[in-house]
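Asks: Read top to bottom, the protein sequences are chains A and B. Counting with the working numbering, you get residues 1 to 299 for the letters of the first sequence. Counting with the working numbering, you get residues 1 to 299 for the letters of the second sequence.
It is worth saying that the hints were derived from the structure and are not from the lab. Treat the hints with care, as some may be off.
[To be verified] In silico DSSO-like cross-links for lysine-lysine, where the CA-CA straight-line distance does not exceed 27 Å:
id : chain 1 : residue 1 : chain 2 : residue 2
1  : B       : K49       : A       : K268
2  : B       : K37       : A       : K278
3  : A       : K273      : B       : K37
4  : B       : K110      : A       : K35
5  : A       : K105      : B       : K105
6  : A       : K247      : B       : K273
7  : B       : K257      : A       : K264
8  : B       : K105      : A       : K260
9  : A       : K247      : B       : K105
10 : A       : K100      : A       : K44
11 : B       : K4        : A       : K105
12 : A       : K260      : B       : K149
13 : B       : K105      : A       : K100
The lines below spell out each chain.
Number of protein chains: 2
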Amino acid sequence: MINKLLIVGCGLIGSSILKKVCKKKIAKRIFVFEKSKENQRALKKFKLKFELIKRMDKKISECDLIVICAPLSEYEKIFLACNKYSKKNILITDVGSSKKDIITKINRIKRKDIKWISSHPIAGSEVSGPLNGYENLFLNKWSVIIKQKNSQIKEMKKILKFWKLLGSKTVTMDAVQHDKIFALTSHLPHLIAYNLILTATNFKVLNNKDNILRFSAGGLRDFSRIAASNEIMWRDIFFNNKSNMLKVIDLFIKNLKVFKQDIKLNRKNLETKLKNLKKVRQKIVLLKQDTSKPDFGRI
Amino acid sequence: MINKLLIVGCGLIGSSILKKVCKKKIAKRIFVFEKSKENQRALKKFKLKFELIKRMDKKISECDLIVICAPLSEYEKIFLACNKYSKKNILITDVGSSKKDIITKINRIKRKDIKWISSHPIAGSEVSGPLNGYENLFLNKWSVIIKQKNSQIKEMKKILKFWKLLGSKTVTMDAVQHDKIFALTSHLPHLIAYNLILTATNFKVLNNKDNILRFSAGGLRDFSRIAASNEIMWRDIFFNNKSNMLKVIDLFIKNLKVFKQDIKLNRKNLETKLKNLKKVRQKIVLLKQDTSKPDFGRI
Numbered sequence: 001m002i003n004k005l006l007i008v009g010c011g012l013i014g015s016s017i018l019k020k021v022c023k024k025k026i027a028k029r030i031f032v033f034e035k036s037k038e039n040q041r042a043l044k045k046f047k048l049k050f051e052l053i054k055r056m057d058k059k060i061s062e063c064d065l066i067v068i069c070a071p072l073s074e075y076e077k078i079f080l081a082c083n084k085y086s087k088k089n090i091l092i093t094d095v096g097s098s099k100k101d102i103i104t105k106i107n108r109i110k111r112k113d114i115k116w117i118s119s120h121p122i123a124g125s126e127v128s129g130p131l132n133g134y135e136n137l138f139l140n141k142w143s144v145i146i147k148q149k150n151s152q153i154k155e156m157k158k159i160l161k162f163w164k165l166l167g168s169k170t171v172t173m174d175a176v177q178h179d180k181i182f183a184l185t186s187h188l189p190h191l192i193a194y195n196l197i198l199t200a201t202n203f204k205v206l207n208n209k210d211n212i213l214r215f216s217a218g219g220l221r222d223f224s225r226i227a228a229s230n231e232i233m234w235r236d237i238f239f240n241n242k243s244n245m246l247k248v249i250d251l252f253i254k255n256l257k258v259f260k261q262d263i264k265l266n267r268k269n270l271e272t273k274l275k276n277l278k279k280v281r282q283k284i285v286l287l288k289q290d291t292s293k294p295d296f297g298r299i
Numbered sequence: 001m002i003n004k005l006l007i008v009g010c011g012l013i014g015s016s017i018l019k020k021v022c023k024k025k026i027a028k029r030i031f032v033f034e035k036s037k038e039n040q041r042a043l044k045k046f047k048l049k050f051e052l053i054k055r056m057d058k059k060i061s062e063c064d065l066i067v068i069c070a071p072l073s074e075y076e077k078i079f080l081a082c083n084k085y086s087k088k089n090i091l092i093t094d095v096g097s098s099k100k101d102i103i104t105k106i107n108r109i110k111r112k113d114i115k116w117i118s119s120h121p122i123a124g125s126e127v128s129g130p131l132n133g134y135e136n137l138f139l140n141k142w143s144v145i146i147k148q149k150n151s152q153i154k155e156m157k158k159i160l161k162f163w164k165l166l167g168s169k170t171v172t173m174d175a176v177q178h179d180k181i182f183a184l185t186s187h188l189p190h191l192i193a194y195n196l197i198l199t200a201t202n203f204k205v206l207n208n209k210d211n212i213l214r215f216s217a218g219g220l221r222d223f224s225r226i227a228a229s230n231e232i233m234w235r236d237i238f239f240n241n242k243s244n245m246l247k248v249i250d251l252f253i254k255n256l257k258v259f260k261q262d263i264k265l266n267r268k269n270l271e272t273k274l275k276n277l278k279k280v281r282q283k284i285v286l287l288k289q290d291t292s293k294p295d296f297g298r299i
């Protein structure tokens, strides 16, 4: 059991951790730092036993484990506060979606005795904020734990155990591998969804633009759901995984240009490609990343 | 009430029409033409009153209304059979997703007395075939009825009524407008989904490609659902709406390149764009094209 836990940032992910930690009594005392006034008001209505702190100051010196659930652009400030106030050998983890650049940046400024084992629960939604959090958000989902050169087994084990207690399946990998995988499985899909909504709404040829959204049930609406994600979080992810993003965007454009040529000229090639791509779905279902129940086309 | 109805092609859409027509007793007699042996076997297990025909021959001369639910590449053959066998002034509709090119092509070859009012129910799924059809597939969904220069009000009204009986909301537009709107709301989203799955599975830098699909819950899996649609149907749609597809692909690439520049250099611009794009979701929900219930991130 954790003695004193601090959750920094209490949006969708932070509040889901808070709820599960309270439910499963994973920590003796829980502190929550949240800077948004709106979120603070929401948190005050939670019927859970925790202490809301409004400043990252000496209060954090009591804590044994700090979980950062704030956007990547807040990390520097948070670690500087930890440098100043946290006790010796404090253990910190986070839930950021991009790893390599932020780890390099923070390792340069953080106090050497601070143990940081970075993690990434693959759980999210198009809704954000503490009112949307729920205790089983992590249940049976992957949580990736990042192994750095200097990661010590003892601390790794503690963080792995923490995510397992929250209901996650866990896997370890290094930051470089993490950022490549999630550039493709998550970051590019989000950017593409945003770009599709942008393209649909700035196509100039139509007289009545309302018709685009009115008839969006045939595919577009499903992208709008993904493109409704939190803008600060996603700005930070795209920025922090910049080098991979630039590569996968180029590859995406290259592939799309070939598709364009097939549509122009090569009906047989087009059919073969679509047929092969269809098979990927079955693999994803076999890997339990989705159910086979039809969902597209629902109302 | 329709005297004798023929459904040509009985996959997801055809079988859903069949089920609803039987349930609501919309036609006195129903014929179904289906050329796939597998689908024929599935249809024989349906406990519904209809007659399965295996050839488009003199049997069709009895019919009053023909509904074509086959891929666009089958239309020519079907209309040639109608030319040969159907009675004078027969009324035909179809459910194709692309209009202008196919209408031009068929108008050149079809018998002048054949009345063809083209339609497009905005209903579909990532699954196909008669076993996946269900009677309420069209309930509260849009069906677009295409108005051509020579469309007569009497026939238009019959087809509008047909879709209303199946539970649809109806709207009329011309083929050019239809193809522009659905290039953006449906055809481009499908192509982009296929292209994203292609890009994720042919990214060369990773050692272990399984990891891409294993961690696909963060966005990619939702695209794989859309990219699991029927390949013949989509090959035909992309091909038949070629001129619009080429335009919207170019616009998509242009917008994606600007996004790439923003990720490289302009954090503020990126944030503003994501924030504005997020708002589109609310409009889509207001237009009842989706529910506000979170769905992305589910298991």
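Asks: All hints, please: hold or fail.
Replies: Evaluated hints:
1. B:K49 x A:K268: violated, 38 Å
2. B:K37 x A:K278: holds, 22 Å
3. A:K273 x B:K37: holds, 25 Å
4. B:K110 x A:K35: It is violated: about 69 Å lies between the C-alpha atoms, which goes past 27 Å.
5. A:K105 x B:K105: Violated - the C-alpha atoms of K105 (chain B) and K105 (chain A) are around 61 Å apart, more than 27 Å.
6. A:K247 x B:K273: Distance of about 21 Å is within 27 Å: holds.
7. B:K257 x A:K264: OK: K257 (chain B) and K264 (chain A) at ~22 Å, within 27 Å.
8. B:K105 x A:K260: holds, 22 Å
9. A:K247 x B:K105: Not OK: K247 (chain A) and K105 (chain B) at ~42 Å, beyond 27 Å, violated.
10. A:K100 x A:K44: violated, 35 Å
11. B:K4 x A:K105: violated, 73 Å
12. A:K260 x B:K149: violated, 31 Å
13. B:K105 x A:K100: violated, 55 Å
Taken one by one, the earlier hints fail for this structure at numbers 1, 4, 5, 9, 10, 11, 12 and 13, listed in ascending order.
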